[in-house]
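*Asks:* Kindly produce the complete structure, drawing on both the sequences and the hints.
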Amino acid sequence: MMLTLALSHDGPPLDLDVALPAGEIVAVVGPSGSGKTSLLRAVAGLIRPRSGRIALGEDAWLDTARGMSKPTRERPIGYVSQHYGLFPHLSALANVACSLTHLPPGDRAERARACLALAHVAGLDDRLPRELSGGQQQRVAMARALAREPRVLLLDEPFSSVDRSTRKRLYVELKRLHAELAATVLLVTHDLDEAALLATHLCLIQRGRIVQHGATGDVLTRPATVAAARLLDLPNLFTGTLERDGAARTLRWGPHALALPAAADAATAAGTAWTILPTKVLLHRVDRPSRGERENPVRATIADLVTLGDDVIARLVPEGLPDARLHLKLSLHVAQRNSLAPGREVTVSLLADAIVPLAGE
Amino acid sequence: MDWTALRLSLALAAWTLAILLPLGIVAGRWLASTRSRSRPWLEALTALPLVLPPTVVGFYLLVALGAQSPLGDAFARVFGAPLAFSFAGLVVASVIVNIPFAVQPLQRAFAAIPHEVREAAQCCGLSRWQAFLRIELPLAWPGVLSAAVLTFAHTLGEFGVVLMVGGSIPGETKTIAIAIYDRVQAFDTSAAGTMALVLLVVSFVTVALSFVLSDRWLRSERR
Chain D
1 MMLTLALSHD GPPLDLDVAL PAGEIVAVVG PSGSGKTSLL RAVAGLIRPR
51 SGRIALGEDA WLDTARGMSK PTRERPIGYV SQHYGLFPHL SALANVACSL
101 THLPPGDRAE RARACLALAH VAGLDDRLPR ELSGGQQQRV AMARALAREP
151 RVLLLDEPFS SVDRSTRKRL YVELKRLHAE LAATVLLVTH DLDEAALLAT
201 HLCLIQRGRI VQHGATGDVL TRPATVAAAR LLDLPNLFTG TLERDGAART
251 LRWGPHALAL PAAADAATAA GTAWTILPTK VLLHRVDRPS RGERENPVRA
301 TIADLVTLGD DVIARLVPEG LPDARLHLKL SLHVAQRNSL APGREVTVSL
351 LADAIVPLAG E
Chain Y
1 MDWTALRLSL ALAAWTLAIL LPLGIVAGRW LASTRSRSRP WLEALTALPL
51 VLPPTVVGFY LLVALGAQSP LGDAFARVFG APLAFSFAGL VVASVIVNIP
101 FAVQPLQRAF AAIPHEVREA AQCCGLSRWQ AFLRIELPLA WPGVLSAAVL
151 TFAHTLGEFG VVLMVGGSIP GETKTIAIAI YDRVQAFDTS AAGTMALVLL
201 VVSFVTVALS FVLSDRWLRS ERR
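Those sequence lines, one after another, are chains D and Y.
The opening residue of the first sequence carries number 1 in my numbering; numbering runs sequentially from there.
The opening residue of the second sequence carries number 1 in my numbering; numbering runs sequentially from there.
If you're looking for bench data, these hints aren't it; they were derived computationally from the structure.
Glycine included, every Cβ here is placed at the ideal spot set by N, Cα and C.
Any given hint could turn out to be false.
Computed from the model, here is a short list of chain D residues facing chain Y with C-beta under 8 Å [said to hold, decoys possible]: (1) L46; (2) T72; (3) Y79; (4) H83; (5) F87; (6) H89; (7) C98; (8) T101; (9) P104; (10) R144.
*Replies:* Set out below in structure tokens:
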């Protein structure tokens with residue numbers, strides 16, 4: 001089953017048509033103002049797009065062509081907004097019970113308690129929202145959103161206002177809840193690491209358009225376009241000339257000829273943008289050669305080194321390309337063992353599988 | 001001491017409150033949430049009684065309530081008595097004059113409810129009516145209180161419009177404010193003094209009570 005979203009809207013701008021796998025955690029990632037929240041609000045029915053269709057499987061919630069739009073209260077959703085929107089005058093229990101008006105009044109308290117327990121905030125029933133910590137408020141909001149057994153759970157940057165350790169615990173809880181409930185989760189975030197940790201499907205969005213979507217691992221390692229690579233904040237973004245000889249492909253980058261895996265669909269193109277993850281640039285050991293050294297070797301000079309915890313980011317100037325900066329990420333002990341230092345000459349391999357030609361803007 | 005006048009003033013204030021508060025809640029909530037372009041004009045209209053002299057408001061009300069007007073004519077036909085210079089006419093006038101005192105605090109109170117909270121009510125599956133009763137009205141409670149107090153106290157003290165629309169008919173339109181004026185004109189300073197003191201005490205107690213209640217509410221909010 002798919003969650004189909006075809007939306008167009010002017011203020012805020014939305015122009016997308018995408019089918020997302022139901023039952024998964026789908027992260028919607030993009031910079032501020034990219035339309036992530038608007039997308040979520042449209043799914044919730046809080047904004048009505050100029051035209052479009054929203055359907056979960058066969059169940060349409062919005063179909064402007066037929067003049068149909070279910071009001072928010074009739075959509076099977078749970079929504080946790082950025083600041084949670086808890087009812088400030090109601091206790092945690094009463095907040096959750098507000099989602100249970102479809103049950104007989106006698107059953108609501110018991111069910112609300114069960115939801116609070118599910119979200120790990122049992123025992124705080126009588127507290128008002130202002131008497132709860134940020135993490136507890138988030139859990140109460142989650143309990144309230146889950147109370148109606150939603151088929152789609154909409155989470156708008158739900159982890160942005162809690163501290164780091166709480167956030168980590170909430171990550172685990174979201175995964176656990178998702179496994180128990182089998183609902184589709186649309187998680188809006190601007191944090192790629194968060195998306196990579198939680199989501200099985202990733203949807204990159206910019207200016208209201210989907211830049212790329214797919215399995216999280218694929219999107220993160222194989223961006224399809226320059227725009228996607230920029231959104232993923234990939235530092236190694238270069239241009240070369242893609243040449244074909246039968247099925248074999250070669251990418252000419254300055255004086256370097258990089259072999260790419262064979263592919264049928266590629267065409268010869270000058271000015272082809274391409275990228276490679278900094279973790280896929282392999283340093284050749286100085287003391288002894290190792291496996292894979294013949295794979296696209298490039299000689300380069302170290303421009304600078306930055307240590308970030310246990311990792312080192314090295315920026316290299318490839319031979320014959322004085323303006324290019326090839327980022328290489330390696331662990332600190334490898335950097336130390338090879339006595340890397342600015343100005344030193346090294347040889348690296350650009351793994352053929354990891355070189356990703358990109359479509360233009 | 002003119003007890004009839006005091007009773008009349010209290011009755012007028014109670015009627016005004018009973019009619020105006022529900023209307024004010026509807027209007028205040030609408031003004032707080034509407035995106036209509038007519039909003040500033042409607043806001044100006046509701047504020048108008050604040051700035052116009054009572055004689056102007058009273059004059060137009062007299063015209064609108066008089067036997068020649070459709071409203072006055074209809075009222076006279078149904079109830080067999082004229083609207084102008086009657087207690088009912090006074091209630092209508094008082095409701096109109098008090099619109100800004102009721103609508104403005106209510107509008108501010110509803111506008112102060114965070115957008116996220118209103119939307120959360122929809123996402124919880126609450127109907128409009130449920131959301132209003134369970135979420136919005138309790139959150140707007142300080143506004144409801146101050147609208148009620150301002151309307152009540154202002155009605156007790158209203159003079160100019162009452163005189164224009166009601167005249168000074170004992171037991172029908174002679175409120176305590178008019179009775180005080182009457183006594184002063186008759187050089188009966190002691191009666192005027194007593195009534196002025198009563199009005200002062202009643203008004204003070206009403207306003208003080210509202211401050212006590214809203215203070216208690218704020219304390220419970222901060223607790």
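*Asks:* Does each hint hold? Answer for all of them.
*Replies:* Hints and how they fare:
Given the 8 Å rule on beta carbons, the hint for L46/D holds: about 5 Å separates it from the nearest Cβ of chain Y. The beta carbon of T72/D is positioned within 8 Å of a beta carbon in chain Y (closest approach about 4 Å), and the interface hint is therefore held. The criterion of a C-beta within 8 Å of any C-beta in chain Y is met by Y79/D, whose closest approach is roughly 4 Å, and the hint holds. A hinted interface residue such as H83/D counts as satisfied when its beta carbon comes closer than 8 Å to some beta carbon of chain Y; here the least separation is about 6 Å, so the hint holds.
Interface hint status for F87/D: upheld, as the beta-carbon distance to the closest one in chain Y is roughly 6 Å, under 8 Å. A hinted interface residue such as H89/D counts as satisfied when its beta carbon comes closer than 8 Å to some beta carbon of chain Y; here the least separation is about 5 Å, so the hint holds. With a cut of 8 Å, the hint placing C98/D at the interface with chain Y holds, because the nearest CB-to-CB distance is about 5 Å. Taking 8 Å as the C-beta contact cut-off toward chain Y, the hint placing T101/D at the interface holds, the least distance being around 6 Å.
Hint status for P104/D: violated, given a least beta-carbon distance of 15 Å to chain Y, over 8 Å. Residue-level restraint check for R144/D holds (minimum Cβ-Cβ distance to chain Y is 7 Å; threshold 8 Å).
In this structure, only the earlier hint numbered 9 is contradicted, and the remaining ones agree with it.
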